[in-house]
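K.L.:
Taken in order, these protein sequences are the chains called F and E.
The numbering of the first sequence is this note's numbering, which starts it at 1 and goes up by one.
The numbering of the second sequence is this note's numbering, which starts it at 1001 and goes up by one.
Don't take each hint at face value.
[As the list claims (entries may be wrong)] With a straight-line cut-off of 27 angstroms between C-alpha atoms, the simulated DSS-like cross-links for lysine-lysine are:
id	chain 1	residue 1	chain 2	residue 2
1	E	K1228	F	K83
2	E	K1232	F	K113
3	F	K83	E	K1075
4	E	K1163	F	K76
5	E	K1239	F	K90
6	F	K113	E	K1132
7	F	K113	F	K83
8	E	K1049	F	K113
9	F	K83	E	K1204
10	E	K1204	F	K94
11	E	K1232	F	K76
12	F	K94	E	K1163
13	E	K1223	F	K76
14	F	K90	E	K1204
15	E	K1228	F	K76
16	E	K1163	F	K83
17	E	K1228	F	K90
18	E	K1232	F	K90
19	F	K76	F	K94
20	F	K90	E	K1163
21	F	K113	E	K1239
22	F	K76	F	K216
23	E	K1163	E	K1075
24	E	K1228	F	K113
25	F	K83	E	K1232
26	E	K1223	F	K83
Keep in mind that the hints were calculated from the coordinates and are not lab data.
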Amino acid sequence: MQCVVTGGNVKVLGKAVHSLSRIGDELYVEPQEDGLALRSVNSSRSAYACFLFAPLFFSRYAIPTGLNFRCKMAIKSVQSVFKSLATLEKTVEKCHIGLDEQKDRLTFTLHCKHGLLKTHNLSYQDSESLEAVFDKNSCANVFRAQPRVLVDTVVHFPTSLEEVTVTVSDERMWVRNHVEDEAERSKAMLTELCLAADEFDYFAVKAHYSITFCLKEFRGLLLFAESTGLPVSMYFDEPGSPVVLSVTDSVLEGNFVLATLSDNHDLQKSNRGGDADQPHPPDDFMSDDMDAYLIAMDTSAAPGPSTADPPPPSLATFRKPPAPNYRTRTHSEEEEEDDGEEDPERPPDKKFRSLFFGSVLPPSSQMNTQPLTTQEVLASDSEDETEAD
Amino acid sequence: MPLSTQSQSQDEQYVLVANLDNARNLSNILKAITCKDHAVFTATANGLKVTVEDCKCMQANAFIQADIFQEFTLKEDMVIFQVNLTVLLDCLNIFGGSTAAGASTALRMCYMGYGHPLTLFLEEGGVVTVCKINTQEPEEPIDFEFSSSNVTNKVILQSESLKEAFSELDMTSEVLQITMSPSQPYFRLSTFGNSGNAHYDYSKDSDMMELFQCSTTQTNRYKMSLLKPSTKALAISCKVSVRTDSRGLLSLQYLVRNDDGQICFVEYFCCPDEEVAPSECEQVSVHLV
Chain F
1 MQCVVTGGNV
11 KVLGKAVHSL
21 SRIGDELYVE
31 PQEDGLALRS
41 VNSSRSAYAC
51 FLFAPLFFSR
61 YAIPTGLNFR
71 CKMAIKSVQS
81 VFKSLATLEK
91 TVEKCHIGLD
101 EQKDRLTFTL
111 HCKHGLLKTH
121 NLSYQDSESL
131 EAVFDKNSCA
141 NVFRAQPRVL
151 VDTVVHFPTS
161 LEEVTVTVSD
171 ERMWVRNHVE
181 DEAERSKAML
191 TELCLAADEF
201 DYFAVKAHYS
211 ITFCLKEFRG
221 LLLFAESTGL
231 PVSMYFDEPG
241 SPVVLSVTDS
251 VLEGNFVLAT
261 LSDNHDLQKS
271 NRGGDADQPH
281 PPDDFMSDDM
291 DAYLIAMDTS
301 AAPGPSTADP
311 PPPSLATFRK
321 PPAPNYRTRT
331 HSEEEEEDDG
341 EEDPERPPDK
351 KFRSLFFGSV
361 LPPSSQMNTQ
371 PLTTQEVLAS
381 DSEDETEAD
Chain E
1001 MPLSTQSQSQ
1011 DEQYVLVANL
1021 DNARNLSNIL
1031 KAITCKDHAV
1041 FTATANGLKV
1051 TVEDCKCMQA
1061 NAFIQADIFQ
1071 EFTLKEDMVI
1081 FQVNLTVLLD
1091 CLNIFGGSTA
1101 AGASTALRMC
1111 YMGYGHPLTL
1121 FLEEGGVVTV
1131 CKINTQEPEE
1141 PIDFEFSSSN
1151 VTNKVILQSE
1161 SLKEAFSELD
1171 MTSEVLQITM
1181 SPSQPYFRLS
1191 TFGNSGNAHY
1201 DYSKDSDMME
1211 LFQCSTTQTN
1221 RYKMSLLKPS
1231 TKALAISCKV
1241 SVRTDSRGLL
1251 SLQYLVRNDD
1261 GQICFVEYFC
1271 CPDEEVAPSE
1281 CEQVSVHLV
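Just chain E, with the same shape it has in the complex (with noise of 0.2 angstroms):
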């Protein structure tokens, strides 16, 4: 594979190198992200991870792991850049990105360290292309210490029943909401728009319904405009895990299915929009998936 057939001496300048054999795992993850034009990319032994922030408010991650990648070499502990997500995007998807099969593009993405460009190897065919990608003055990541301890409640569905729900949303309306309760309606998402109010109640006993830990009863409120584009991260999942935490603050996670079978995370933070229900602080155990 001619992308191997790099120089010694250039290997060894690089802080990152990252080698996929179907860029699709990378690209594909970050699709669901994408809604601002920057993300910040966080490399340490355990993988990727990609960070979205709008507003401080809304944050997303995508996270691959090491294991995902064909070869994944890290000269430091943590490696830390930013670029334009949507430049990076068209250069992975540079070859057309048309998903016909035996067709996929090869990826090696290297980096030097601070003040060097990202510089990504692509092939496809026998045809390499080599794109350099200038890097930007990293904007740390809100830290939203949501904490599993935190968390007062939550549910796992699966994104099947989710999608639909998503997809027929009022957008007329400015936020919305969730509430999560032991009792009914259990789950429901509420939306306030100019013909009128809808709701959209999940039964704790529905089949859809994986995980039901529910131990207060939280109504809260986030902008719809914030939580719109998690829309693209739950029509390539297959299950979504929702907690809320005792300061209303909302965790979105979702359990991705990648090309090859091997599962990515894609995680949405989200403020509310203000505190309907304050409740208290519980201990709860929580299994992430």
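Chain F on its own, in the form it takes in the complex (with noise of 0.2 angstroms):
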């Protein structure tokens, strides 16, 4: 395998690990006739991100025919050959990777100015194929925004928060922060941020809709989104079901995608508290009259956000429909895992849902003897990572 990225492309190849390391510790690596893959999902199988590289990102793209290589390494080692992406900028002038399978080696060969040649030489184990099942198509609700906007919404909240919660009606989408104990939320800082349809490049949405979801992870896509300067897509459903956030340009496509928080547990916090004929979001701390009506002029009476009501039957878009490239995986085996209990004690990792995985094992299947699940196998058998030249 010899891939060479040359030019500005390395910083976007390093950007996109560094943002693939916000989700998991080990980054998946695997060739394909279509481009070049690498993944990564958490510890509790609740966030997945996969950024594909076409073969023209890459100034050579030569994988031999037949080659079924996937491999998995610790992030942070392929995050240090890509550390100072200011410098990657400036004096990188190729990336080099290539493969030795013989040592179990993935080699990244950085050419830079003024002669100085920078070799990684990263170990690998060999994973199986590690892919999420997901159909951005089939999403109730979509949307289109420039990163800007989006950075400038999470930009609200601290670095420590957990989840957010994004509610959407006909013309706005309310971003809130997510507060898990019922006693909490009168002590708690409550921000909310309301995001008009016209500051979407495309806004569809066919239910009123509130998820919540991880919001350290929607921040590692923004990561690469901001710099990049590609939008950003973000397809949902109903709570329980996976929000798909994409970047794509002709020739990479970026997917992450993250578990929501089950529907029980929003539909209570929502009927709580009032009325929902309020032009306000039924929030506990929107008791002072005064601040109700500063929300009744800024929404100029737009019906609030409110998961109890039943999706509308109309579509309301305000813009044309793009027409980008989306490539879907539709998989036809899917495994559910349900987490219904809503215990406030456990850690809001183990309150998502696990996403469905398929678990692809390679057509020249060698693994026959092992049962069919949905982590990936692992087949390593060395766990030494260092070798002396």
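The task is to assemble the complex, starting from two chains supplied on their own in separate frames and drawing on the hints.
P.N.:
In structure tokens:
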């Protein structure tokens, strides 16, 4: 396998790796005929991300026909190859990625200015394929926005915040911090932002859903989107179904699939504390009449978010639908794990349902004896990471 | 200037008097060798040499020539004392160490001899501070016997590119391996960490390479923990010379320009971790910067 990345694309590759590091600790690498796939998943399997770099992204993309190779390695070690992104931009002329199957090493060679050559020989472990099962096209709600809009939204939330709740109506999107404990709601600072449909490039709502997902992982995608300037697309359905965030251009596609909190929890919270007819979100902290009045003025009598309402039959679109090249992956096998419990004592991760994972076995499967599970099977035999030259 | 109004009799008692209009010309260079608590100060007619050692296998020296000082008076041929370097730096920066334009701390360093404290008179904006730092029994610095005649390989690089490499070095590696060779890879820094190994190769034709004199292929490993402090010296330098001798002993010499554009030197010596490629001893004539 020989891949060469030149010029500004080296920084894009580095940014993708850093972005994936916000999801999980390991980087899954799979060179495919349609491009190089870099994936990551978190330990509780509630977040998955994949970047696919088409052959045209590379100045040279040569993989032997029939190469059936996938591996995983500590993401920190790949991050160290692309440590300083500012330097990457200024000094790296090209990056060569090569595979040494005999020594179980993936080699990244950076050709830099002034005759400096940086070679990183990283050891990897064999791994099974890692793919999440999701279908963007079947989602009820679809949005697309410039990364700046979303970055400016999340900047208002503290970096320690775990989860955010996104609620949509026909013309608006509300983003607010998610507070676990009912008892804490009165003490916690609640922040909410409202985005109008005209701030988005595309805003199509079929159902007024309210979903809660992990902010840290969302920021991971924004990190990449902001630096490349690519618009971010967001797809989601009912709570409990994963939210998909995508960035696409002609030579790459990035998808972040994040699990969302399941339905019951959200419904209970929104029904409490009030009148769904009032023109403000039914949150406990909106008890001040003046505040309610101001919010009413601002939203000009647009209905507030309410997950109790049944989804309206009409489709509200404000923009011409885009014609991007979305690639969908639908897999016939689906396994669902239902974590219906709502134990507030448990750490947030476990409250998320795990995503649907198709365990895609390689066509020439040597692993016949292993059971079909939703987790990828490790086939590594060596633990040692370093090898003296 | 208030500092110069010392009584005549007091001046006669000092064996060493050194004046600097800008104390940063001393403190900045001392920061580059601060890796241990105490340092040995050796004053000769040439100037001041400050030595810090670690584990008997690494030594850092800072040289501040006599002509850097506005006054440098020595009553004996050689004056040696040892002080706590951290305390000394704290005193030199007692006025806050800010780099505000026009504001600089003036220093007058005085020493009466064995058994007496080191006295510092520091002045800024009309305010004078007097610091007396206890001196300690000086430990004799190791003489690594690194002579220019024993040097087998030498390169001089512009600091800029080496700074980049050092900032990216894999710290999970216990050693830093340096390979110098008349053939490929010419000059290579290697690390062996948890994730794998990494190599930084500098071509002899690189425009960052100011001098390349390698006669034999040598590969030596040095403990990363001993070399890590040298990045402080690298950070303030503009050029660095890397030399190894037949024993694999490493000499790093950094050319530092102070605030007034004057040249000072910082030098690091480091013993190799193990002998990888013993090489013949050759007579090589070298030109020091």
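K.L.:
Does the structure break any of the earlier hints, and which numbers would those be?
P.N.:
Violated hints: 3, 6, 8, 23; rest satisfied.
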